[in-house]
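Generate coordinates for the entire structure from the input sequences, incorporating the hints supplied.
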Amino acid sequence: MTVFQPEETIMQRNDDPIPDHVHDPELQAYLDGRLSPEAAAEVEARLAGDETLSDAAAQWQHHRNLIRDAADVLDTGDSNLRTAALERDLARRLAERQRHARLASPRLGQFAASVAIFVLGWGAHMGYERLSVPDHPDYVAEALSAHQVFAHDDRYPVEFRADEMEQAVGWLSAQMQRKVDSPKLDNLGLEVVGARLLGTQNGPSGLFIYENAEGQRLSVLISAHEEGMPEIPLRVSRQGAQTVAYWSDESIDYAVLGGHDRAMLTQVAAAVSMSR
14 MTVFQPEETI
24 MQRNDDPIPD
34 HVHDPELQAY
44 LDGRLSPEAA
54 AEVEARLAGD
64 ETLSDAAAQW
74 QHHRNLIRDA
84 ADVLDTGDSN
94 LRTAALERDL
104 ARRLAERQRH
114 ARLASPRLGQ
124 FAASVAIFVL
134 GWGAHMGYER
144 LSVPDHPDYV
154 AEALSAHQVF
164 AHDDRYPVEF
174 RADEMEQAVG
184 WLSAQMQRKV
194 DSPKLDNLGL
204 EVVGARLLGT
214 QNGPSGLFIY
224 ENAEGQRLSV
234 LISAHEEGMP
244 EIPLRVSRQG
254 AQTVAYWSDE
264 SIDYAVLGGH
274 DRAMLTQVAA
284 AVSMSR
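Residues in the sequence shown are numbered from 14 upward in steps of one, following our numbering.
Honestly, the hints are just simulated from the structure, not real lab data.
Think of the CB as a built atom: it goes at the ideal place given N, C-alpha and C, for glycine as much as any other residue.
Be aware that a few hints might be false.
Unchecked claim - Derived DMTMM-like pairs: lysine to aspartate or glutamate, alpha-carbon spacing no greater than 20 Å straight-line:
no., residue 1, residue 2
1, Lys197, Glu240
2, Lys192, Glu244
3, Lys197, Glu177
4, Lys197, Glu55
5, Lys197, Glu179
6, Lys192, Glu179
7, Lys197, Asp176
8, Lys197, Glu172
9, Lys197, Asp45
10, Lys192, Glu239
11, Lys192, Asp262
12, Lys197, Glu227
13, Lys192, Glu177
14, Lys192, Glu227
15, Lys197, Glu224
16, Lys192, Glu263
What the hints assert, rightly or not - Label pairs and their computed distance ranges (CB to CB):
no., residue 1, residue 2, range
17, Ala254, Gly46, 27 to 35 Å
18, Arg174, Gly46, 27 to 35 Å
19, Glu39, Gly212, 23 to 31 Å
20, Gln74, Pro50, 12 to 20 Å
21, Gly228, Arg59, 22 to 30 Å
22, Asn200, Glu244, 24 to 32 Å
23, Ala54, Asp151, 50 to 58 Å
24, Ala54, Ala226, 25 to 33 Å
And the structure:
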């Protein structure tokens, strides 16, 4: 696989300005339940005195709850009628949240739309199918190959170690001419091993490798989405011993791969989408 050299400039995306609270680490830790009682009390005092911040936090918490509900639904059998009813209810609630989010903030509306990829995409594609060449984009096959080669390499799986993620993200962003973020998967029990740049048929791609407490590894591949091509709703398929979840938005193609069940990969996919 070809390794690209870094460039000096990064193409900037014309996104809506992102409110400061979206990247507020204390607020995110509070929503995740990771703060001490004293630190949580300080955040709650801020929320009580800032209506905009309080509304935004409530919206984010609603969306996280939807993702957890979706994962619970997906963990049941396809033939279960109760599952189908839950999916319809989840899609209805998501649509309502998405309308409110658009009114509250363009960024929150974008986030709600990304959650819709997972819930509505699964509603239209519940089959847990095997991958076949005509049924998936080329980058998915490249992701599978990269995962097999690097995720199982104990000596040199990555070019950037876990403590070099800031450097990795800057380099990958320059090569891909997209703003790339390092997915945060700590809440799912996955620690980042590192990252590397891959040369694929569609240009440079970023591969992030994660590991759980048992040493089981999972890969996240990020590639530039070809302009003018349709976005892909979330799909989960099986290839041998590996499960792959893949989807796209207007800018990035994603693939998540590992020997995990589909419910776990769907949770990871949701977390990856949230990191954008």
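Tested hints:
1. Restraint check for Lys197 and Glu240: the C-alpha separation of about 27 Å exceeds 20 Å, so the hint is violated.
2. The straight-line distance between the Cα atoms of Lys192 and Glu244 is roughly 18 Å, inside the 20 Å bound, and the hint therefore holds.
3. This hinted pair checks out: Lys197 and Glu177 have alpha carbons roughly 14 Å apart, not beyond 20 Å.
4. Proximity of Lys197 to Glu55 is assessed by CA-CA distance (about 24 Å); at most 20 Å being required, the pair is judged violated.
5. Restraint check: the Cα-Cα separation between Lys197 and Glu179 comes to about 13 Å, which is no more than 20 Å; the hinted pair holds.
6. Straight-line distance between C-alpha atoms of Lys192 and Glu179 comes to about 12 Å, which keeps the hinted pair within the 20 Å bound.
7. A C-alpha spacing of about 13 Å is found between Lys197 and Asp176, which places the hinted pair at or below 20 Å, so the restraint holds.
8. In summary, the hint linking Lys197 to Glu172 is supported, as the alpha carbons are separated by about 18 Å, within the 20 Å threshold.
9. Our distance criterion of 20 Å between C-alpha atoms is met by Lys197 and Asp45, whose separation comes to about 12 Å.
10. Restraint check: the Cα-Cα separation between Lys192 and Glu239 comes to about 15 Å, which is no more than 20 Å; the hinted pair holds.
11. Straight-line distance between C-alpha atoms of Lys192 and Asp262 comes to about 13 Å, which keeps the hinted pair within the 20 Å bound.
12. A threshold of 20 Å between alpha carbons decides the hint, and for Lys197 with Glu227 the separation of about 19 Å falls inside it, so the pair holds.
13. The straight-line distance between the Cα atoms of Lys192 and Glu177 is roughly 17 Å, inside the 20 Å bound, and the hint therefore holds.
14. A distance of roughly 32 Å separates the Cα atoms of Lys192 and Glu227; the hinted pair therefore is violated under the 20 Å criterion.
15. The suggested pairing of Lys197 with Glu224 holds, with an alpha-carbon distance near 12 Å, which does not exceed 20 Å.
16. Restraint check for Lys192 and Glu263: satisfied, since their Cα atoms lie roughly 13 Å apart, inside the 20 Å limit.
17. A C-beta distance of roughly 34 Å is found between Ala254 and Gly46, which places it inside the suggested range of 27 to 35 Å.
18. Between Arg174 and Gly46 the CB atoms are about 29 Å apart, so this pair conforms to the stated range of 27 to 35 Å.
19. Between Glu39 and Gly212 the Cβ separation comes to about 39 Å, which falls outside the hinted range of 23 to 31 Å.
20. Checked against the given bound of 12 to 20 Å, the beta carbons of Gln74 and Pro50, roughly 18 Å apart, stay inside it.
21. Separated by about 39 Å at the C-beta atoms, Gly228 and Arg59 break the suggested range of 22 to 30 Å.
22. Judged by the Cβ atoms, the range 24 to 32 Å given for Asn200 and Glu244 holds: they are separated by roughly 26 Å.
23. Taking 50 to 58 Å as the suggested C-beta distance range, the pair Ala54 and Asp151 conforms, at roughly 51 Å.
24. Under the hint 25 to 33 Å, the C-beta atoms of Ala54 and Ala226, about 31 Å apart, fit the expected range.
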